Amino acid sequence: MSFSRQPKTFCDSGIVLRTHKLGETDRIVRLITREHGKRSAVAKGIRKTTSSFSGKLEPFTCSRVLLYEGRTLDILRQAEIEVSFHQLREDLNQYLRASVTAEIIEKMTVEREPRPELFDLLIKGLELLRDKQELADFTLAFFEFRAIAACGYALRVSECANCSSKLDEGYFSIELGGLVCSRCRQRGKAGRLLKIKDRTIFLLQWMAGNELGAYPEAAFENEIRELDFLLEKVLEHWLEREFKSLRVMHALKDQRGESQEEILAGDSIY
Amino acid sequence: MGVYAEPLERVIEELSKLPGIGPKSAQRIAFFLMNRPEEDVAALARAIFELKAKIRFCSECYNISDGEKCSICMDEKRDPSLICVVEEPRDVVAIERTGNFRGRYHVLGGALSPIDGIGPEELRVSELVERVSTGVTEVIIATNPNSEGDATALYLAKVLKPLGISISRIASGLPVGGDIEYADEVTLGRALGGRVTL
Chain A
1 MSFSRQPKTF CDSGIVLRTH KLGETDRIVR LITREHGKRS AVAKGIRKTT SSFSGKLEPF
61 TCSRVLLYEG RTLDILRQAE IEVSFHQLRE DLNQYLRASV TAEIIEKMTV EREPRPELFD
121 LLIKGLELLR DKQELADFTL AFFEFRAIAA CGYALRVSEC ANCSSKLDEG YFSIELGGLV
181 CSRCRQRGKA GRLLKIKDRT IFLLQWMAGN ELGAYPEAAF ENEIRELDFL LEKVLEHWLE
241 REFKSLRVMH ALKDQRGESQ EEILAGDSIY
Chain B
1001 MGVYAEPLER VIEELSKLPG IGPKSAQRIA FFLMNRPEED VAALARAIFE LKAKIRFCSE
1061 CYNISDGEKC SICMDEKRDP SLICVVEEPR DVVAIERTGN FRGRYHVLGG ALSPIDGIGP
1121 EELRVSELVE RVSTGVTEVI IATNPNSEGD ATALYLAKVL KPLGISISRI ASGLPVGGDI
1181 EYADEVTLGR ALGGRVTL
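Chains as they are written, first to last, in the numbering used here: chain A, 1 to 270; chain B, 1001 to 1198.
By construction, these hints were calculated from the structure, which means they are not laboratory data.
Everything numeric in this text was worked out from a predicted model, so none of it was measured.
Where a beta carbon is used, it is the ideal one built from N, C-alpha and C, also for glycine.
Where hints are given, some of them may not hold.
[Unchecked claim] Chain B is nowhere near these chain A residues, computed Cβ spacing over 12 Å in every case:
| no. | residue |
| --- | --- |
| 1 | 9 |
| 2 | 13 |
| 3 | 24 |
| 4 | 57 |
| 5 | 59 |
| 6 | 69 |
| 7 | 85 |
| 8 | 89 |
| 9 | 110 |
| 10 | 116 |
| 11 | 151 |
| 12 | 156 |
| 13 | 164 |
[Stated by the list, open to error] Quick list of in silico lysine-lysine cross-link-like pairs, DSS-like style, CA-CA up to 25 Å:
| no. | chain 1 | residue 1 | chain 2 | residue 2 |
| --- | --- | --- | --- | --- |
| 14 | B | 1024 | A | 44 |
| 15 | A | 21 | A | 48 |
| 16 | A | 197 | A | 166 |
| 17 | A | 132 | A | 253 |
| 18 | B | 1069 | B | 1052 |
| 19 | A | 107 | A | 253 |
| 20 | B | 1024 | A | 253 |
| 21 | B | 1024 | A | 21 |
| 22 | B | 1017 | A | 253 |
| 23 | B | 1158 | A | 132 |
| 24 | B | 1158 | A | 244 |
| 25 | A | 233 | A | 195 |
| 26 | A | 44 | B | 1017 |
Could you put the whole structure together from the sequences, leaning on the hints where they help?
Spelled out as structure tokens, the structure:
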């Protein structure tokens, strides 16, 4: 009687999150598949110019892949592009935002644990980034909001995150993951707080009641920047990780004079 | 305590740290070296030691060099107003092999990769901008035709455009010897976009 596990070959749709060089001509491709979770697979010879893989396994590409399951690393046998999302690689801003979505999904998932809802969320996010370039900042913020919810940390934005009573002011608690009432704030039960605008609260509540792909009728440019700042703090707090792509995106924004530090005055963090 | 004598164990251990060399290969190389004449082994040791002691980056283009400037930057026949930007020193060798480029190079030391935390600060972009503002008229961006290389090219174009120079990107498409049947739609699309009149 043999106890050795039989390796198996399977086919699935996968979105490439990132790639690493391996040896002279190979790459390790990390992708999130719909039914088989996040996988790391070796694409042999992909860096050769004549490889049939090259172009099919670039970051953000959704491909139908045939994988041979290994102990720690799978082996990529075949790949066919389903959606290339090449437009996201032809514009620097879109590329940066798509990198953020890919990094969020990468850090939120565990190897080989199926998370079809996160796969669908990423596909939706990439489609919106590709098709609605003028609304890309809002799309990214909404994507972050939905990703946080998909991981079980849904933000509490319609009642106090500490005592569930009615909200009477605009303070957001990073530790509690939601808005807090004046009583809880004064008692010091809410941890690190951000004072946010009424319109940002409205936007948070609107997001809680809508699905990714919907857009509010009014323009919320300043509020989106505030929201972005807040959601990044929540992501970093709950996942206990630094998001490298966010750091690079902000560094490039700083070069263009769009410093994120100006979004919230330093004294609004308590 | 290891199976072999201590000096042999040490060589095996050091060789195992090299890329692509596992413990078994390290043992085989160590035994091979042990059986070589002393002068051959000494020559290898000297070559490795000098590699670290003498090799440095060219102060102008950041290519690998054994002096202050590399042989390409020292060559007066090469056009200093034409710069080819590449990711790594190995890319310089690949382009030199074509024999079609008579300008000089600039080695960035990598490519933009937000997910790995590599931004412009981690690359030699400011050095390039400084160089370009001193008499360069054309820059050819020869970063790899992948997402990181394309993003780097887009960023460099944005940074260099205000300097009023000619900026171009190397073409990409089907490789010589490849089959159209196996090409992906993005590569084929680029090949069609960059078609040449016969």
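Against the structure, the hints:
1. 9: The claim holds: residue 9(A) sits with its nearest Cβ about 20 Å from chain B, beyond 12 Å.
2. 13: holds (16 Å)
3. 24: Violated, because the least Cβ-Cβ distance between residue 24(A) and chain B comes to about 8 Å, which does not exceed 12 Å.
4. 57: violated (9 Å)
5. 59: violated (5 Å)
6. 69: Given a closest Cβ separation of 23 Å, the condition holds.
7. 85: violated (10 Å)
8. 89: For residue 89(A), whose nearest Cβ neighbour in chain B is about 5 Å away, the distance does not exceed 12 Å, so it is violated.
9. 110: holds (18 Å)
10. 116: Correct as stated: the minimum Cβ-Cβ distance to chain B is 22 Å, above 12 Å.
11. 151: Given that every Cβ of chain B is farther than 12 Å from that of residue 151(A), nearest at about 19 Å, it holds.
12. 156: Holds, since 30 Å exceeds 12 Å.
13. 164: Holds, since 38 Å exceeds 12 Å.
14. 1024(B) with 44(A): Holds - the C-alpha atoms of residue 44(A) and residue 1024(B) are around 23 Å apart, at most 25 Å.
15. 21(A) with 48(A): holds (12 Å)
16. 197(A) with 166(A): This hinted pair holds, its Cα atoms lying about 17 Å apart.
17. 132(A) with 253(A): holds (20 Å)
18. 1069(B) with 1052(B): Within the cut-off at roughly 17 Å; holds.
19. 107(A) with 253(A): Between residue 107(A) and residue 253(A) the Cα gap is close to 23 Å, so the pair holds against 25 Å.
20. 1024(B) with 253(A): Given that 25 Å is the threshold and the Cα spacing comes to 50 Å, the pair is violated.
21. 1024(B) with 21(A): holds (24 Å)
22. 1017(B) with 253(A): violated (40 Å)
23. 1158(B) with 132(A): holds (22 Å)
24. 1158(B) with 244(A): Within the cut-off at roughly 22 Å; holds.
25. 233(A) with 195(A): Answer holds: residue 233(A) to residue 195(A) is near 13 Å, not above 25 Å.
26. 44(A) with 1017(B): Judged against 25 Å, a Cα distance of about 23 Å means the pair holds.
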